[in-house]
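Listed below, chain by chain, are the residues.
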Amino acid sequence: MPKIKLAEKTINIVKEICAKYDNNEGELINVLHNVQAKLGYLPAEVQELIAKELNSSVAKVYGVVTFYSFFTMTPMGEFPISICMGTACYVRGAEQVLDEFKRQLKLEIGKTTEDGKFSISCLRCVGACGLAPVVMVGEKVYGRVSPQQVRKIIAEYQDGCPSS
Amino acid sequence: MSEKINLTINGIPLRVDQNTTILEAAEELSIKIPTLCHHKDLCVAGNCRVCVVEEVGVKKLPAACATPVHEGMEILTNSLKVRNSRKNIIELLLSEHNADCTKCYKNGNCELQTLAAEYKIINQEFIHLPDTKCYTIDEFSPSIIKDDSRCIRCQRCVRTCAEIQGVSALTVGYKGDHMKITTFFEKPIADVVCTNCGQCVNHCPTGALIEKNYIEEVWEAIADPKMHVVVQTAPAVRIGLGEELGFEPGSRVTGKMVSALKRLGFDAVLDTDFTADLTILEEGTELLTRLKKVLVDKDPDTHLPLATSCSPGWIKYIEHMYPEYLQNLSTCKSPQQMFGALVKTYYAKERNIDPANIVSVSIMPCTAKKFEANRPEMHDSGYRDVDFVITTRELAIMIKQAGIEFTHLPEEHYDKIMGDSTGAGVIFGATGGVMEAALRTAYEIVTGREVPFENLNITPVRGMDGVREATIKIENPLPDWSFLDGAELNCAIAHGLVNAKDLMDSIKSGKKSYHFVEVMACPGGCLGGGGQPIPTSPEIRQKRMEAIYAEDMDMPLRKSHDNPEVVHLYESFLEKPNSEKAHHLLHTKYVPRQRF
Numbered sequence: 075m076p077k078i079k080l081a082e083k084t085i086n087i088v089k090e091i092c093a094k095y096d097n098n099e100g101e102l103i104n105v106l107h108n109v110q111a112k113l114g115y116l117p118a119e120v121q122e123l124i125a126k127e128l129n130s131s132v133a134k135v136y137g138v139v140t141f142y143s144f145f146t147m148t149p150m151g152e153f154p155i156s157i158c159m160g161t162a163c164y165v166r167g168a169e170q171v172l173d174e175f176k177r178q179l180k181l182e183i184g185k186t187t188e189d190g191k192f193s194i195s196c197l198r199c200v201g202a203c204g205l206a207p208v209v210m211v212g213e214k215v216y217g218r219v220s221p222q223q224v225r226k227i228i229a230e231y232q233d234g235c236p237s238s
Numbered sequence: 283m284s285e286k287i288n289l290t291i292n293g294i295p296l297r298v299d300q301n302t303t304i305l306e307a308a309e310e311l312s313i314k315i316p317t318l319c320h321h322k323d324l325c326v327a328g329n330c331r332v333c334v335v336e337e338v339g340v341k342k343l344p345a346a347c348a349t350p351v352h353e354g355m356e357i358l359t360n361s362l363k364v365r366n367s368r369k370n371i372i373e374l375l376l377s378e379h380n381a382d383c384t385k386c387y388k389n390g391n392c393e394l395q396t397l398a399a400e401y402k403i404i405n406q407e408f409i410h411l412p413d414t415k416c417y418t419i420d421e422f423s424p425s426i427i428k429d430d431s432r433c434i435r436c437q438r439c440v441r442t443c444a445e446i447q448g449v450s451a452l453t454v455g456y457k458g459d460h461m462k463i464t465t466f467f468e469k470p471i472a473d474v475v476c477t478n479c480g481q482c483v484n485h486c487p488t489g490a491l492i493e494k495n496y497i498e499e500v501w502e503a504i505a506d507p508k509m510h511v512v513v514q515t516a517p518a519v520r521i522g523l524g525e526e527l528g529f530e531p532g533s534r535v536t537g538k539m540v541s542a543l544k545r546l547g548f549d550a551v552l553d554t555d556f557t558a559d560l561t562i563l564e565e566g567t568e569l570l571t572r573l574k575k576v577l578v579d580k581d582p583d584t585h586l587p588l589a590t591s592c593s594p595g596w597i598k599y600i601e602h603m604y605p606e607y608l609q610n611l612s613t614c615k616s617p618q619q620m621f622g623a624l625v626k627t628y629y630a631k632e633r634n635i636d637p638a639n640i641v642s643v644s645i646m647p648c649t650a651k652k653f654e655a656n657r658p659e660m661h662d663s664g665y666r667d668v669d670f671v672i673t674t675r676e677l678a679i680m681i682k683q684a685g686i687e688f689t690h691l692p693e694e695h696y697d698k699i700m701g702d703s704t705g706a707g708v709i710f711g712a713t714g715g716v717m718e719a720a721l722r723t724a725y726e727i728v729t730g731r732e733v734p735f736e737n738l739n740i741t742p743v744r745g746m747d748g749v750r751e752a753t754i755k756i757e758n759p760l761p762d763w764s765f766l767d768g769a770e771l772n773c774a775i776a777h778g779l780v781n782a783k784d785l786m787d788s789i790k791s792g793k794k795s796y797h798f799v800e801v802m803a804c805p806g807g808c809l810g811g812g813g814q815p816i817p818t819s820p821e822i823r824q825k826r827m828e829a830i831y832a833e834d835m836d837m838p839l840r841k842s843h844d845n846p847e848v849v850h851l852y853e854s855f856l857e858k859p860n861s862e863k864a865h866h867l868l869h870t871k872y873v874p875r876q877r878f
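As they're listed, the protein sequences go chains A and B. For the first sequence, the residue numbers in our numbering are 75 to 238. For the second sequence, the residue numbers in our numbering are 283 to 878.
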């Protein structure tokens, strides 16, 4: 695995977050959440830096990152698409919606398009079961999504951010 | 006073302390409950479930290893419900296990296999999953092989690496169906912070973690008539080997082991204890030289405490974790490597053998020694100093393969030239032993008198506490060492790397200040090494330790500097301790390694 040198700015972001949690190993999950929120993903070099800052083992950090499906080690797209696979969404056809996203973007779950624009992931319940099936693009929530609407949703982001 | 609890197990009443687990309570009645993830060295995990028992009146079956007893509890360990559940659990474990037992290195010494045999798991009720999965085998390390297809995810190895060694090279990655024991980014073991100590191998119930064995290579060397095959045996092998060959833990089988090695066909059976004695002269001299440089010359480039360098697991640990302290490590090679360097130089010369035709084999209680022999620095004889390292367990396999009835063997003596040793050499196998041996010699060099302890037994440095301290006061030294008059030599001993971490942190923070520290990577020292017989438990380590000290007491010579062959080695070859030649052959350098 080739070593990537982290940018000074990235290093400082990670260090600050660790310091916010007193460099306490017990706060690992919170640290990972915060770092992923800032950087979008948790590559090897970032995990190493976190282990160092928390005086933990890199293997332990890796174990936690791989355990929780929320954490990702591949960069998410500029517009991360999350399809809810919670029970309510699932029974109302979330899988067909997911399949349509995969087909249109020619993308597997957890992967990012070559232009870095879109990535697809699944999540479990966003607490909007009344709107099932639910899709999130970034922070924006789409309710009652049908496979026919998928093309329109993607098109909204094709030329940059939609007017919101 | 802890409260007592009354309960019954299989109808037999008993009274035990509060917080006793069902498993421990059953043990008191000599009722065996099978376990896999449970190990006396480790914290409770309760994940394998084979220890389930029935509590009368309770629907769910509790795991005996993880459930404390309570008043009035009625436990059944062999009800039909328990038997059926247990059998199902073993079948489920086997359904995920590469149970091609005849092709497994642990065949005959596998806890899962034993359970399957006891419960007669013959029909396959569940889908056999290994056929559908893509498992990895990691064979890159010179010490350890990790085969995920044999893993039952009991996590003993992960707990061992974290709790005993404080290294955490291994972790549990992913979850559910995808869960596996892995390293950072699934790198090979050889590329992570692993110290090769082999404690994970010693604690693994199956064949998922095994030593890389060199049995066939050694057989080939023995069979080659051109080659002169020399074998050395580490101190802790002689008090462990018996366990693999029909003796109780704590049996001393030195003479039988020597006899067996001769029958296996080794051309010379020699003793690592000889170079253990030599280590004491080199390292003792190094300690005294450093003390003088620091106390008298005020040399800022000399560092104290001096740390022992016999344990290759400890060496790799400090290279990864505390590289800023590498200059505190003694430059002495380990006894194994001193032996290797001398076999192909001094021994070859004395015996008039071309070193190119010498194969040097060592029997070690250790898997890290395999890595050590493989280090690029270890070629000072002009050849690879130690060609093959095999563990106590591998030697037992060879003895069995050769059809030798070990229990019936006569007792024989080591061969000459590098075969003599003292009691100080043999105690290298126990935690505190190097310290004790060094003190026996250094004190006498400085004062001209024996260490002031009854029978030379420096008991404060002995025992099983994780970190131990001792202070030796020096009074009325010889004129050369007058600067040490009244000095108190502060020593510390740690075993198990989690304790080494505590020791190093106390030194680093300035809380403690020592002159000399001994660290052994494995709990109990080499006697509890990763290459020793399986199982190893706290009780077994205790028995092996008693055997080591008994071996010491029975030796006619008990101080390293009295070893006649060591004296002769200096007179005829090395001149004096820490001479230029000694430095070239017996000392080494260390390399800082990445922790992250």
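In short, the hints are calculated from the structure, not lab data. Treat each hint with caution, since some may be false.
Claimed, not checked - Result set (EDC-like, lysine to aspartate or glutamate): computed pairs, CA atoms no more than 16 Å apart in a straight line:
#1 A:Lys112 / A:Glu152
#2 A:Lys112 / A:Glu213
#3 B:Lys469 / A:Glu213
#4 B:Lys698 / B:Glu847
#5 A:Lys126 / A:Glu90
#6 B:Lys469 / A:Glu152
Stated by the list, open to error - Examples of chain A residues lying across from chain B (beta carbon under 7 Å, computed):
#7 Glu127
#8 Asn129
#9 Gly137
#10 Thr161
#11 Met210
#12 Gly212
#13 Lys214
#14 Tyr231
Glycine is no exception: its CB is placed at the ideal position from the N, C-alpha and C atoms.
Verification of the hints:
Taken as a hint, the Lys112 of chain A and Glu152 of chain A pair is honoured in the structure, with Cα atoms around 13 Å apart against an allowance of 16 Å. With a C-alpha separation of about 14 Å, the suggested pair Lys112 of chain A and Glu213 of chain A falls inside the 16 Å cut-off, and the hint holds. Taken as a hint, the Lys469 of chain B and Glu213 of chain A pair is broken in the structure, with Cα atoms around 35 Å apart against an allowance of 16 Å. For the hint linking Lys698 of chain B to Glu847 of chain B, the alpha-carbon distance of about 9 Å falls within 16 Å, and the restraint holds.
Restraint check for Lys126 of chain A and Glu90 of chain A: satisfied, since their Cα atoms lie roughly 13 Å apart, inside the 16 Å limit. Between the alpha carbons of Lys469 of chain B and Glu152 of chain A the distance comes to roughly 30 Å, so the proposed pair goes past 16 Å and is violated. Taking 7 Å as the C-beta cut-off, the interface hint given for Glu127 of chain A is violated, the closest approach to chain B being about 10 Å. Here the hint on Asn129 of chain A is broken, as its CB sits about 10 Å from the closest CB of chain B, past 7 Å.
Below 7 Å, beta-carbon pairs count as interface contacts, and Gly137 of chain A has one with chain B at about 4 Å; its hint therefore holds. Restraint check, Thr161 of chain A versus chain B: the minimum CB separation of about 18 Å is more than 7 Å; hint violated. Because the beta carbon of Met210 of chain A sits about 23 Å from the nearest beta carbon in chain B, more than 7 Å, this interface hint is broken. The restraint placing Gly212 of chain A at the interface with chain B is violated, with a minimum CB-CB distance near 27 Å, outside the 7 Å limit.
Proximity of Lys214 of chain A to chain B is violated relative to the hint, the smallest CB-CB distance being about 29 Å (cut-off 7 Å). A least Cβ separation of about 31 Å between Tyr231 of chain A and chain B goes past the 7 Å threshold, and the interface hint is therefore violated.
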